[in-house]
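*Asks:* Turn these sequences into a full structure, and let the hints steer you where they fit.
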Amino acid sequence: MNYRLGTMQDVDDICQLVSDAITEMERHEIYQWDEIYPARTDFEDDIKSGNLYVVHEGEDLAAFYVISDESDEQYNNAQWQFGDSYYVLHRFCVSPNMQNKGIGKKVLLHIEDQIKDMGYNVVRLDTFTENPFAQRLYRHNGYESRGYADWRKGRFDLMEKAL
1 MNYRLGTMQD
11 VDDICQLVSD
21 AITEMERHEI
31 YQWDEIYPAR
41 TDFEDDIKSG
51 NLYVVHEGED
61 LAAFYVISDE
71 SDEQYNNAQW
81 QFGDSYYVLH
91 RFCVSPNMQN
101 KGIGKKVLLH
111 IEDQIKDMGY
121 NVVRLDTFTE
131 NPFAQRLYRH
141 NGYESRGYAD
151 WRKGRFDLME
161 KAL
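Read in my numbering, the sequence shown has 113 at position 113, and its numbers run on one by one without any break.
A portion of the hints provided could be inaccurate.
Listed next, the in silico EDC-like pairs over lysine to aspartate or glutamate satisfying Cα-Cα at most 20 angstroms (straight line) [claimed, not checked]:
#1 K106 <-> D42
#2 K101 <-> E24
#3 K116 <-> D69
#4 K106 <-> D60
#5 K153 <-> E73
#6 K48 <-> D12
#7 K153 <-> E26
#8 K48 <-> E59
#9 K153 <-> E35
#10 K153 <-> D34
#11 K101 <-> E59
#12 K153 <-> D42
#13 K153 <-> E24
#14 K101 <-> E144
#15 K116 <-> D42
#16 K105 <-> D60
#17 K48 <-> D10
#18 K105 <-> E24
#19 K153 <-> E29
#20 K116 <-> E73
#21 K153 <-> D60
#22 K105 <-> D117
#23 K105 <-> E57
#24 K106 <-> E57
#25 K116 <-> D84
#26 K153 <-> D117
Taking CB as the label site, the calculated pair distances span [to be verified]:
#27 C15 <-> G58: 16 to 22 angstroms
#28 E59 <-> Y31: 28 to 34 angstroms
#29 D12 <-> N76: 17 to 23 angstroms
#30 Q9 <-> S85: 29 to 35 angstroms
#31 F82 <-> T41: 20 to 26 angstroms
#32 N76 <-> G154: 15 to 21 angstroms
#33 D84 <-> S19: 32 to 38 angstroms
#34 E44 <-> T129: 17 to 23 angstroms
#35 P132 <-> D84: 16 to 22 angstroms
#36 N77 <-> T7: 32 to 38 angstroms
#37 G58 <-> L109: 26 to 32 angstroms
Because the hints were derived from the structure by calculation, they are not lab data.
Glycine residues also receive a C-beta, built at the ideal position from the N, C-alpha and C atoms.
*Replies:* So, in structure tokens, the structure goes:
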């Protein structure tokens, strides 16, 4: 798999991947993302900030993710266990065409190594409580819930893992 910073030329493919992911989630009655969030402007802003990464398997966009030191004020609801040297994973999405092949775990481990190489020793994230696939991925890879955030679409676990 090839990992690189996203560019504006990737936005159309990212938006298509998100549309495909929304269709797949809704097929499983998971209503986490919609036409409001995440939006094209979110990805454009992430690219401008240098925080969005794309993952290709051959010619195909397999996944994308955003890592940054930014977090919503709802993150203050958590009882974090591991200090202040953390980075936050946002908008991690694996193409529905690539799911159930171990790619989510493989990319997650790459993200953790990337964050560690950047000098941080903790990953934080939020995950929709009604998305059993994301919940399973994070919990099986050592993430623990530290509290909850309530946003427009419902309740999200605030999770953390020491690297």
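*Asks:* Find the hints from earlier in the document that the structure breaks and name them by number, from lowest to highest.
*Replies:* Hints 1, 8, 14, 15, 20, 21, 26, 29, 31, 34, 35, 37 are the ones this structure does not satisfy, whereas the remaining hints hold.
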